[in-house]
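Asks: With chain A fixed as given, assemble chain B onto it according to the hints.
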Amino acid sequence: MTDVTLPFAPQKEVGTESFLDAGHTLISWLTTTDHKRIAILYAISITIFFFIGGIAIGLVRLELIEPSGMFLTSDGYNRLFTIHGIIMVWFFLVPSIPATMGNFLLPLMIGARDVAFPRLNLLSWYLYVGGAAFTIYVLVAGGVDTGWTFYPPFSSDYSNSHVIAAAAGVFVVGFSSIATGVNFITTTHMLRCPGMTWFRLPLFCWSMYATSLVMVLATPVLAMSLVLIVAERAFGLPVFDAAKGGDPVLFQHIFWFYSHPAVYIMILPAMGVVSEVFACFARRQVFGYTFMVYAMMAIAVIGFMVWGHHMFVAGQSQLANLVFSFLSFIVAVPSAIKVFNWTATLYRGQIGFDAPMLYALGFLGLFTIGGLTGLFLASVPIDIQVTDTYFVVAHFHFIMVGGSVSAFMAGIHYWWPKVTGRLYNEFWAKFAAITMFLGFNMTFMPQFLMGWEGMPRRYHVYPPVFQIWHVLSSGGAAILAIAYIMPLVYLTLSLRYGARAGNNPWHATGLEWQTTSPPPKHNFERRPVVIADPYMYHEIGQPRSSHDTSPPLPQGRQI
Amino acid sequence: MSLDQFITEASGYARRVDETFWILVAISCVVVFLLTGLILTFIIRYRRGSDAPRGPLPEALKHEIEIGWTSATFFLFLFLFWWAGVELMAASSPPKDALEIHVVAKQWMFRFQHPSGAREIDELHVPLATPVRLAMTSEDVIHDLYIPALRLKRDILPDRYTYIWFTATTPGTYHLTCAEFCGTNHSRMYGQLDIVTMQDYARWTTAQPEGDDLAHQGDKLFHTVGCSGCHDSPGSTVHAPDLHNLYGRLVQLADGRTVTADEAYLRDKILLPNRDIPAGYAPDMPSFRGVLNEGQIVAVMAYLKSLSTTSNEQGARQ
Numbered sequence: 123m124t125d126v127t128l129p130f131a132p133q134k135e136v137g138t139e140s141f142l143d144a145g146h147t148l149i150s151w152l153t154t155t156d157h158k159r160i161a162i163l164y165a166i167s168i169t170i171f172f173f174i175g176g177i178a179i180g181l182v183r184l185e186l187i188e189p190s191g192m193f194l195t196s197d198g199y200n201r202l203f204t205i206h207g208i209i210m211v212w213f214f215l216v217p218s219i220p221a222t223m224g225n226f227l228l229p230l231m232i233g234a235r236d237v238a239f240p241r242l243n244l245l246s247w248y249l250y251v252g253g254a255a256f257t258i259y260v261l262v263a264g265g266v267d268t269g270w271t272f273y274p275p276f277s278s279d280y281s282n283s284h285v286i287a288a289a290a291g292v293f294v295v296g297f298s299s300i301a302t303g304v305n306f307i308t309t310t311h312m313l314r315c316p317g318m319t320w321f322r323l324p325l326f327c328w329s330m331y332a333t334s335l336v337m338v339l340a341t342p343v344l345a346m347s348l349v350l351i352v353a354e355r356a357f358g359l360p361v362f363d364a365a366k367g368g369d370p371v372l373f374q375h376i377f378w379f380y381s382h383p384a385v386y387i388m389i390l391p392a393m394g395v396v397s398e399v400f401a402c403f404a405r406r407q408v409f410g411y412t413f414m415v416y417a418m419m420a421i422a423v424i425g426f427m428v429w430g431h432h433m434f435v436a437g438q439s440q441l442a443n444l445v446f447s448f449l450s451f452i453v454a455v456p457s458a459i460k461v462f463n464w465t466a467t468l469y470r471g472q473i474g475f476d477a478p479m480l481y482a483l484g485f486l487g488l489f490t491i492g493g494l495t496g497l498f499l500a501s502v503p504i505d506i507q508v509t510d511t512y513f514v515v516a517h518f519h520f521i522m523v524g525g526s527v528s529a530f531m532a533g534i535h536y537w538w539p540k541v542t543g544r545l546y547n548e549f550w551a552k553f554a555a556i557t558m559f560l561g562f563n564m565t566f567m568p569q570f571l572m573g574w575e576g577m578p579r580r581y582h583v584y585p586p587v588f589q590i591w592h593v594l595s596s597g598g599a600a601i602l603a604i605a606y607i608m609p610l611v612y613l614t615l616s617l618r619y620g621a622r623a624g625n626n627p628w629h630a631t632g633l634e635w636q637t638t639s640p641p642p643k644h645n646f647e648r649r650p651v652v653i654a655d656p657y658m659y660h661e662i663g664q665p666r667s668s669h670d671t672s673p674p675l676p677q678g679r680q681i
Numbered sequence: 023m024s025l026d027q028f029i030t031e032a033s034g035y036a037r038r039v040d041e042t043f044w045i046l047v048a049i050s051c052v053v054v055f056l057l058t059g060l061i062l063t064f065i066i067r068y069r070r071g072s073d074a075p076r077g078p079l080p081e082a083l084k085h086e087i088e089i090g091w092t093s094a095t096f097f098l099f100l101f102l103f104w105w106a107g108v109e110l111m112a113a114s115s116p117p118k119d120a121l122e123i124h125v126v127a128k129q130w131m132f133r134f135q136h137p138s139g140a141r142e143i144d145e146l147h148v149p150l151a152t153p154v155r156l157a158m159t160s161e162d163v164i165h166d167l168y169i170p171a172l173r174l175k176r177d178i179l180p181d182r183y184t185y186i187w188f189t190a191t192t193p194g195t196y197h198l199t200c201a202e203f204c205g206t207n208h209s210r211m212y213g214q215l216d217i218v219t220m221q222d223y224a225r226w227t228t229a230q231p232e233g234d235d236l237a238h239q240g241d242k243l244f245h246t247v248g249c250s251g252c253h254d255s256p257g258s259t260v261h262a263p264d265l266h267n268l269y270g271r272l273v274q275l276a277d278g279r280t281v282t283a284d285e286a287y288l289r290d291k292i293l294l295p296n297r298d299i300p301a302g303y304a305p306d307m308p309s310f311r312g313v314l315n316e317g318q319i320v321a322v323m324a325y326l327k328s329l330s331t332t333s334n335e336q337g338a339r340q
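As you go down the protein sequences, you meet chains A and B in turn.
Each residue of the first sequence is one higher than the one before, starting from 123 at the first, in our numbering.
Each residue of the second sequence is one higher than the one before, starting from 23 at the first, in our numbering.
No lab work stands behind these hints, which were simulated from the structure alone.
Backbone N, C-alpha and C fix where the C-beta goes; we use that ideal spot for every residue, glycine too.
Do not rely on the hints blindly, as some may be mistaken.
Said to hold, decoys possible - Below 30 Å or equal to it, Euclidean Cα-Cα: the simulated DSSO-like pairs (lysine-lysine) are:
1) B:K242 - A:K366
2) B:K118 - B:K128
3) B:K128 - A:K366
To be verified - Output of the computed footprint for chain B on chain A, the stretches with three or more beta carbons under 8 Å from beta carbons of chain B:
4) 453 to 465
5) 494 to 501
6) 565 to 576
7) 583 to 592
Chain A with its partners taken away, still in its complex shape:
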């Protein structure tokens, strides 16, 4: 293999067998160590769980139309919102972008043939499936009713549901996160191609790196907290039972020491995705690249020091409350900087409104509102009023659904031609993006209002004064459900009926676009060498017209 300096025309690689053709049997998929195929295995698995979690909350929203309930028992209701939380957090959001797009793109973006440990990568998927099996068992056996937070002593001593199996599922799937994290960190350190210095890494790679650090450092703490719950529930080890000298609040500390950084596991990858999308569709270099890098690393580090803001009402000392409040304001600074930088990236651009860009713009608006309401929750007196109400529910859905899921959709639409070699129906994609944005706001805006007024979360029956907000919210959820089903349909159809995309339909500069779409088994025919900074769109200096009708890009400056 000889090293060649980019440019080489991707066209030269036409005729190379794509990774999709490297084996068509089921066994070839289940035993693959190709990072691209593992990404697809993950994508299918998390999509299944996304819709299971979605059905659970769909039933909850339907039930909430009537203040006294319609068709569920209180136990049934509690089990549905619990399974929604467990599935959406651990079986969809945490693996969503890293395990699918991260797996597929990180090696491509840094010019590597695969991740550092391909077999560990496959093991991580099997661990996911193992954890998923426990969760499916919980679903079939009758559910779990502790909420996704597993607070003792309810979970350890009082709940009559399948707590141990649910905790085991989360415990196992945690190791899949750790395996992915270790793999990505090593890959980024060891396998960057010549010329790919740290500060030439695309922001998506930086986001994967920051996320992986958090996964590796925080997830073991989650595992500990779950082991302790199981030890207390199954063997009577009184870690959290105050009657025997334990401490029920200790669990909350350990749990949130993972689960707050986990919020950043869910949002950092989203920040990486939209950075790529904004640059490509505004045809601009990302504004303040180095600030963006430092901001991501700052979020990852400071994110470890704010867990106590989940316990402002749990009897923490005033001093602890003040310190955690302060740190929570501080962690919001880098997020704000990123919002400003994305906005500034649009300045003087050549902005195209293709589907990925619409999803990314949706992310920008919703993430901003999610972030601003985070300031409310960092202020202790406001938090005391709105914590454990629908205000908090709305806040974290703005971040995790308005933010992460919008970015996930942006990424799926942006890299779909890369993965499949096909184009989807652009009209339906735009329509779904707009519907998703509107449906989302209709679902969660009313929740801010009723939360502030005093509507607690996790309530099966509720005071009738809040009915109007619940009805609006459920209506929004119905719209949102339709918006989520649409991509499933048109993306699936595109696999068979979609037009051929060509190698680089967006005229993007990333290294992943400098090979065929779909890429060959080992990603690049020749080892790429990087000679320029990422996002050199402004040097192209010409509008990008859609779908390969414009003249080919000037070649020579990669990434």
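Replies: Just chain B now, with coordinates in the frame of chain A:
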């Protein structure tokens, strides 16, 4: 039930919380309008193929802009932290003469015990314009007493005490409810707060069937369950500490530490007597877990406090 039972500002503290809230809302609106304005301007003006002038930005300018909005954001957040922090500190300690009401939560009800001995379930009477301190504990899982009209919420933990205090300013009937998920009927664990005038409160307490006030109930228990056999019994062969003036005092422990004999300490002494042994005493006291229920512990505690001349002052320090 009307929305007023939730959103009325029934105390001075609630009014101040609302002020902070609306300031944050105002700042958020300004930020959202600015950003939306900028984004809309950019995506319209710089849409693909428009004839607006473009070109790279000077590097130096980029740097200054970054520094500029980073520090602006930082100082804005610092200001918000300070603003909210002042609010928090101002509300942190109740006055010494606060009326203390005990709250015991269990699946799925709240029980309130007044100093007069009066007891009520899922309904709480408090006097107007009087500082009220709630000392709360749970008999089973974690609950949370949430009173929207007072903008107050605090977890109620098993085997621990947590506190909130307030001075109600607006008479009326308000909603109170459990805010920490506690099992099947979590959403049915609610009640009402009646803020009444001091005269009405006094009338209400005297109309209750409980004859004795809490401290006297505790005194009786102290003798019937056997505490007095060792404590407070000069003729006893057992070497047990004298409990007069204990509440609020500093206690030297056998392991060298010093702790304040507050409610949490006394409660531990009743239920987990062999933890934190005071210096000079043998760990030979039996546990009263299962002998005294939460309500009775509250009464014994009230009695122990009544033995202490400095109790009010110490209670206020919580």
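Asks: Could you run down the list of hints and mark each one as holding or not?
Replies: Hints, one by one, checked against the model:
no.: 1; hint: B:K242 - A:K366; verdict: 28 Å, holds
no.: 2; hint: B:K118 - B:K128; verdict: 29 Å, holds
no.: 3; hint: B:K128 - A:K366; verdict: 18 Å, holds
no.: 4; hint: 453 to 465; verdict: holds (count 8)
no.: 5; hint: 494 to 501; verdict: holds (count 6)
no.: 6; hint: 565 to 576; verdict: holds (count 3)
no.: 7; hint: 583 to 592; verdict: holds (count 5)
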